[in-house]
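Novice: Chain residues, written in single-letter form:
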Amino acid sequence: DAMVIQNPRYQVTQFGKPVTLSCSQTLNHNVMYWYQQKSSQAPKLLFHYYDKDFNNEADTPDNFQSRRPNTSFCFLDIRSPGLGDAAMYLCATSKGLAGVDEQFFGPGTRLTVL
Amino acid sequence: AQTVTQSQPEMSVQEAETVTLSCTYDTSESNYYLFWYKQPPSRQMILVIRQEAYKQQNATENRFSVNFQKAAKSFSLKISDSQLGDTAMYFCAFMKGYGGATNKLIFGTGTLLAVQP
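Sequence lines, in order, name chains P and E. Quick note on numbering: this note's numbering labels position 66 of the first sequence as 66, and the sequence is numbered without any gaps. Quick note on numbering: this note's numbering labels position 7 of the second sequence as 7, and the sequence is numbered without any gaps.
So that you can see chain P by itself, here it is in the shape it has in the complex (with noise of 0.2 Å):
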């Protein structure tokens, strides 16, 4: 089945130690977003890419990076994780089409920060 891959499921970093998370799609969608979900709150959309352009979120922290290298895999740097920085990472596809377009979202990635 076609699908949003997210690894690892559960992430554990200590402070400020640097942590990628990874999203793959076998979509073969054009768009590929990264979400950040704090406990009891909506999604918050950090970034995303429309092929190779990157679109990053006006409030989205430095300490937020993201690589594509290709179509399928997306990947999540946190150059140096705080407390704050421990949430449920979120990764989406969608095609890109003008008008509706829907996102088919992975199953998360959950980041606790030591």
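Simulated from the structure, these hints should not be mistaken for lab results. Glycine included, each C-beta is placed from N, C-alpha and C at the ideal position. Treat the hints with care, as some may be off.
In silico contact screen, one side only, chain P against chain E (beta carbon under 10 Å); selected entries [what the hints assert, rightly or not]: (1) Tyr-33; (2) Ala-42; (3) Val-100.
Cut-off 20 Å, straight-line C-alpha distance, at most; resulting in silico cross-link-like pairs (SDA-like, lysine to any residue) [said to hold, decoys possible]: (4) P:Lys-44 x E:Lys-104; (5) P:Lys-95 x E:Glu-52; (6) P:Lys-44 x E:Ser-12; (7) P:Lys-95 x E:Gln-44.
What follows is a list of derived Cβ distance ranges for each label pair [unchecked claim]: (8) P:Leu-27 x E:Glu-61: 17 to 23 Å; (9) E:Asn-67 x P:Ala-86: 33 to 39 Å; (10) P:Lys-38 x E:Asp-26: 19 to 25 Å; (11) P:Phe-54 x E:Glu-29: 32 to 38 Å; (12) E:Glu-17 x P:Lys-17: 46 to 52 Å.
Chain P is fixed; fit chain E onto it per the hints.
Specialist: Leaving out everything else, chain E in the frame of chain P:
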């Protein structure tokens, strides 16, 4: 800027009963889309139903239907014949209708629905 408000943090319903989740939004856009997403415990978020703002007819997907009141900027979700598998966090979301790189979803804070046996 667009905002989405879900005023019911938690709700509970008995199995086989009907429940309605509320959502209001604020926008100055004329072309947009509204969605209800379901996020079960420890599982991925999936689309339940969507509504195009230019359509007057309310969307329906099996047991799920919406009451879209464009003038009031209201978009409620009705779940009929509730099942235990409907237990989840439900998010209302808004998307501008211009497509391409502007296809951002703006989520409400969610309603945690518990279906009781």
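Novice: Each of the hints needs a verdict: does it hold here or not?
Specialist: Hints versus structure:
1. This hint holds: Tyr-33 (chain P) has a C-beta 8 Å from the nearest C-beta of chain E, less than the 10 Å allowed.
2. A cut of 10 Å between beta carbons decides the hint on Ala-42 (chain P): the least distance to chain E is about 4 Å, and the hint holds.
3. Annotation: interface hint on Val-100 (chain P) holds; nearest CB of chain E at approximately 5 Å, less than 10 Å.
4. Distance check on the hinted pair: Lys-44 (chain P) and Lys-104 (chain E) sit about 10 Å apart at the alpha-carbon level, within 20 Å; holds.
5. At most 20 Å may separate the alpha-carbon atoms for a hinted pair to count; Lys-95 (chain P) and Glu-52 (chain E) meet this at roughly 18 Å.
6. Under the criterion of a C-alpha separation no larger than 20 Å, the hint pairing Lys-44 (chain P) with Ser-12 (chain E) is inconsistent with the structure, at around 26 Å.
7. Taking the CA atoms of Lys-95 (chain P) and Gln-44 (chain E), the gap is near 19 Å; set against the 20 Å cutoff, the hint holds.
8. Separation of Leu-27 (chain P) from Glu-61 (chain E) is about 21 Å and conforms to the stated range, judged on CB atoms against 17 to 23 Å.
9. Taking the beta carbon of each, Asn-67 (chain E) and Ala-86 (chain P) are about 37 Å apart, inside 33 to 39 Å as hinted.
10. Checked against the given bound of 19 to 25 Å, the beta carbons of Lys-38 (chain P) and Asp-26 (chain E), roughly 23 Å apart, stay inside it.
11. For the pair Phe-54 (chain P) and Glu-29 (chain E), the supplied restraint of 32 to 38 Å is violated, since their beta-carbon distance comes to about 25 Å.
12. Evaluation of the 46 to 52 Å hint for Glu-17 (chain E) and Lys-17 (chain P) yields a pass: the beta carbon distance comes to about 49 Å.
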